[in-house]
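Colleague: In case you want the letters, here they are:
Number of protein chains: 2
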Amino acid sequence: MPDNICVAIDAMGGDNAPCEIVKGALLAVNECDKVTVYLVGVTELIEKELTGKSYDRNRVVLIDAKEIIDTAEPPVMAIRKKKDSSLVKGLTMVKEGTCDAFISAGSTGAVLVGGQVLVGRIKGIKRPPLAPLIPTETGVSILIDCGANVDARPEHLIQFAQLGSIYMEYVVGIENPKVAIVNNGAEEEKGNALVKETFPLLKNCPDINFIGSIEARDIPAGIADVIVCEAFVGNVILKLYEGVGATMIKIIKKGMLSTARAKIGALLVKPALKKTLKAFDTEEYGGAPLLGLNGLVVKTHGSAKAIEIKNAVLQCVQFTEQEVGKKIQERLFS
Amino acid sequence: MPDNICVAIDAMGGDNAPCEIVKGALLAVNECDKVTVYLVGVTELIEKELTGKSYDRNRVVLIDAKEIIDTAEPPVMAIRKKKDSSLVKGLTMVKEGTCDAFISAGSTGAVLVGGQVLVGRIKGIKRPPLAPLIPTETGVSILIDCGANVDARPEHLIQFAQLGSIYMEYVVGIENPKVAIVNNGAEEEKGNALVKETFPLLKNCPDINFIGSIEARDIPAGIADVIVCEAFVGNVILKLYEGVGATMIKIIKKGMLSTARAKIGALLVKPALKKTLKAFDTEEYGGAPLLGLNGLVVKTHGSAKAIEIKNAVLQCVQFTEQEVGKKIQERLFS
Numbered sequence: 001m002p003d004n005i006c007v008a009i010d011a012m013g014g015d016n017a018p019c020e021i022v023k024g025a026l027l028a029v030n031e032c033d034k035v036t037v038y039l040v041g042v043t044e045l046i047e048k049e050l051t052g053k054s055y056d057r058n059r060v061v062l063i064d065a066k067e068i069i070d071t072a073e074p075p076v077m078a079i080r081k082k083k084d085s086s087l088v089k090g091l092t093m094v095k096e097g098t099c100d101a102f103i104s105a106g107s108t109g110a111v112l113v114g115g116q117v118l119v120g121r122i123k124g125i126k127r128p129p130l131a132p133l134i135p136t137e138t139g140v141s142i143l144i145d146c147g148a149n150v151d152a153r154p155e156h157l158i159q160f161a162q163l164g165s166i167y168m169e170y171v172v173g174i175e176n177p178k179v180a181i182v183n184n185g186a187e188e189e190k191g192n193a194l195v196k197e198t199f200p201l202l203k204n205c206p207d208i209n210f211i212g213s214i215e216a217r218d219i220p221a222g223i224a225d226v227i228v229c230e231a232f233v234g235n236v237i238l239k240l241y242e243g244v245g246a247t248m249i250k251i252i253k254k255g256m257l258s259t260a261r262a263k264i265g266a267l268l269v270k271p272a273l274k275k276t277l278k279a280f281d282t283e284e285y286g287g288a289p290l291l292g293l294n295g296l297v298v299k300t301h302g303s304a305k306a307i308e309i310k311n312a313v314l315q316c317v318q319f320t321e322q323e324v325g326k327k328i329q330e331r332l333f334s
Numbered sequence: 001m002p003d004n005i006c007v008a009i010d011a012m013g014g015d016n017a018p019c020e021i022v023k024g025a026l027l028a029v030n031e032c033d034k035v036t037v038y039l040v041g042v043t044e045l046i047e048k049e050l051t052g053k054s055y056d057r058n059r060v061v062l063i064d065a066k067e068i069i070d071t072a073e074p075p076v077m078a079i080r081k082k083k084d085s086s087l088v089k090g091l092t093m094v095k096e097g098t099c100d101a102f103i104s105a106g107s108t109g110a111v112l113v114g115g116q117v118l119v120g121r122i123k124g125i126k127r128p129p130l131a132p133l134i135p136t137e138t139g140v141s142i143l144i145d146c147g148a149n150v151d152a153r154p155e156h157l158i159q160f161a162q163l164g165s166i167y168m169e170y171v172v173g174i175e176n177p178k179v180a181i182v183n184n185g186a187e188e189e190k191g192n193a194l195v196k197e198t199f200p201l202l203k204n205c206p207d208i209n210f211i212g213s214i215e216a217r218d219i220p221a222g223i224a225d226v227i228v229c230e231a232f233v234g235n236v237i238l239k240l241y242e243g244v245g246a247t248m249i250k251i252i253k254k255g256m257l258s259t260a261r262a263k264i265g266a267l268l269v270k271p272a273l274k275k276t277l278k279a280f281d282t283e284e285y286g287g288a289p290l291l292g293l294n295g296l297v298v299k300t301h302g303s304a305k306a307i308e309i310k311n312a313v314l315q316c317v318q319f320t321e322q323e324v325g326k327k328i329q330e331r332l333f334s
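Heads up: the sequence lines are chains A and B, in that order. Heads up, the first sequence stops at 334 in the working numbering, and the numbers go up one at a time, no gaps. Heads up, the second sequence stops at 334 in the working numbering, and the numbers go up one at a time, no gaps.
The following block holds chain A by itself, in its conformation from the complex (with noise of 0.2 Å):
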């Protein structure tokens, strides 16, 4: 097991930088003693974020990146064009092995393209997924794929399974984890014309637990560790869970803010409130790995903050630290 992890962070990606990527980082150097980050970006800036923090100052290393990749840009021609940009020098830090993984709040495109071509695919790996992590009743799912690349394949959505499966074991901690892939029925019968091709595929995939099809509705609940689906309907469900989300707790805002007795109600409740809906905040899951990689990319949200930076870094740990990828080549390539 590595004693030493070493996480690249693009310090310039994301709404919030350098501020609070910055911070994050710190935080999880001060949790976590076999961490060590390097900060990739505009040097001063970063140095402006530094001062007057306490943090161990062997485990926190500058690495100077003039260029930024702005979300606007055209991905593919950014990777080729922006040598000196946080992102491409922080993943190609993870290609040369001088890091075990890369975490950006930068444009997802550029993520999604700088991670296939700079750090490479495990070989046999078809299309590496997008796998955010979303919270439910009972705990969290993994929701695989939510990539850039859509209309998948059958043998694209078998791996989709593998990877999930060994990333949910071995990351997240949770033992056989149950598989489902995403229908419009419950019933074997149901589905479009490629969940019909894939279903029998799970079901006779001998390494993961598939427990059949799951309608949307019964995701939130937490029924299924394992969401497989294409990546356009996994980009539907991640963004929508967000939308009813945000537009849920704007509507019982308002309802608790229209009377008076609702108001005092209101102020008596918060505190409790928060606490059980920040349980089901995606950005207390510290973002979506990209898998299938030769080393980790995790993607966090634009707007991600400084908790969202810091479990990100310790997710990059726990993957090191388990040897995910070796996991991956052992199960799906020997």
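What the hints contain is simulated information worked out from the structure, not anything from laboratory work. Any given hint could be a false lead.
[Said to hold, decoys possible] What the simulated footprint calls covered on chain A by chain B, stretch by stretch (three residues with Cβ under 8 Å from a Cβ of chain B suffice, anywhere in the stretch; the number is not a length):
hint	stretch
1	21 to 28
2	40 to 50
3	204 to 218
4	239 to 247
5	291 to 302
[Stated by the list, open to error] Sample of chain A residues with no beta-carbon within 12 Å of chain B, all distances over it, derived:
hint	residue
6	D3
7	E31
8	S54
9	D56
10	R80
11	K95
12	E137
13	D151
14	K178
15	K196
16	N235
17	K250
18	K327
19	E330
[To be verified] In silico BS3-like links for lysine-lysine, alpha-carbon gap of 27 Å or less:
hint	chain 1	residue 1	chain 2	residue 2
20	A	K278	B	K275
21	B	K178	A	K254
22	A	K83	B	K190
Bear in mind the structure is a predicted one, so any value in this text is a computation, not a measurement. Even for Gly, the Cβ is constructed at its ideal location relative to N, Cα and C.
Following the hints, position chain B against chain A.
Modeller: For chain B alone, coordinates are given in the frame of chain A:
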């Protein structure tokens, strides 16, 4: 404008039949003096529910049907064999012109199959969509299609956009309704093969107000009135909408009961909260119309209570008064 609107209701369909179905029908009769309801089902059971209730006896007609179609039955077979079922009899009344519309809380599959086979499509309609109304922050949107026929083609989606626009304009009363297609990003180059092929066709469709792509995150905010998608995706959206909503409410209740202080607050907050949450309840909107048929067929939730049935009846009244079937023919095929 027709001054007597006849609505057939499947009194035996759904979890709460016949009690809530009959109750809802009477609520509608008492609220709207233009409507006559035909309660189709086992007469003795319906009569029992009518006993002691006050309503205009001239506008409540009982139609005896001895058979009941179960939700577990294969739809095509059930429709073919159970000629004396409430579903087949009710749909036949629409086909024959005795009734303008039919409502059922029973088997979705049987309603979809029966609607197409017995009532029949308007000439030129390729695939009648099932289109539930979903609550948003600003009101209500139509989600089209959520039916049983997945893997639609672009020409289907164009008709969905047109049918949804007409429905929102004449039944819900939204002028020049905004149409958007569900996509995995807001940019025009995003999408799976179906969306990429459909997008330019929607853009060039002269009789709709197309505003582009919508990410699932923005659906609950109500930025579009007509949400166009293929039925597999529509099903995921609809079910997840309900699932996340239900889980959020469960979590909030748990939070409110977690401390003594919160419990007192909950009592004060409850009435106001109930009122605002009601506006976000899918049951308030009276079920999903199956559009493009020679008459209106409405599928309500299996768990529909009286209020949903009443709203479904009022929806049928509006649909018939506004002569929406005729408008569909004029707008799409002349």
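Colleague: Now, for every hint given, state plainly whether the structure supports it.
Modeller: The hints, checked one at a time:
Residues of the stretch 21 to 28 of chain A lying with their CB closer than 8 Å to a CB of chain B number 0, which falls below the three-residue condition for coverage. Proximity of the stretch 40 to 50 of chain A to chain B, defined as three or more residues with a beta carbon under 8 Å from a beta carbon of that chain, is not established by the 0 residues found. Residues of the stretch 204 to 218 of chain A lying with their CB closer than 8 Å to a CB of chain B number 4, which satisfies the three-residue condition for coverage. Given a C-beta distance limit of less than 8 Å, the hint that chain B covers the stretch 239 to 247 of chain A holds, as 9 residues qualify and 3 suffice.
Closer than 8 Å: that is the beta-carbon criterion, and the stretch 291 to 302 of chain A has 0 residues meeting it against chain B, so the requirement of 3 is violated. For A/D3, the non-interface assignment is confirmed: its Cβ lies about 39 Å from the closest Cβ of chain B, beyond the 12 Å cut-off. A/E31, annotated as away from the interface, keeps every beta carbon of chain B farther than 12 Å; the closest lies near 26 Å. Every C-beta of chain B lies more than 12 Å from that of A/S54, the closest at about 34 Å, which supports listing it as non-interface.
At roughly 37 Å, the least C-beta separation between A/D56 and chain B is larger than 12 Å, which holds for a residue marked as non-interface. No Cβ of chain B comes within 12 Å of the Cβ of A/R80; the nearest lies about 18 Å off, and the non-interface call holds. Non-interface call for A/K95 relative to chain B: holds, since the shortest CB-CB distance, roughly 27 Å, exceeds 12 Å. With a cut of 12 Å on Cβ distances, A/E137 falls inside the contact zone with chain B, its closest approach being about 6 Å.
Distance to chain B contradicts A/D151 as a non-interface residue, since its nearest Cβ pair spans about 5 Å, not more than 12 Å. Distance to chain B confirms A/K178 as a non-interface residue, since its nearest Cβ pair spans about 17 Å, more than 12 Å. Interface exclusion of A/K196 from chain B breaks down, the closest Cβ pair being 10 Å apart, not more than 12 Å. Against the 12 Å criterion, A/N235 falls within the reach of chain B, whose nearest CB is about 4 Å from its own CB.
Residue placement check: A/K250 does not keep its beta carbon more than 12 Å from all beta carbons of chain B (closest about 7 Å). Residue placement check: A/K327 keeps its beta carbon more than 12 Å from all beta carbons of chain B (closest about 30 Å). Interface exclusion of A/E330 from chain B stands, the closest Cβ pair being 33 Å apart, more than 12 Å. Among the hinted pairs, A/K278 with B/K275 is consistent with the structure: their alpha-carbon atoms are about 24 Å apart, no more than 27 Å.
The straight-line distance between the Cα atoms of B/K178 and A/K254 is roughly 26 Å, inside the 27 Å bound, and the hint therefore holds. For a cut-off of 27 Å, the pair hint linking A/K83 to B/K190 stands: about 26 Å separates their Cα positions.
Hint compliance for this structure: hints 1, 2, 5, 12, 13, 15, 16, 17 are broken, all remaining hints hold.
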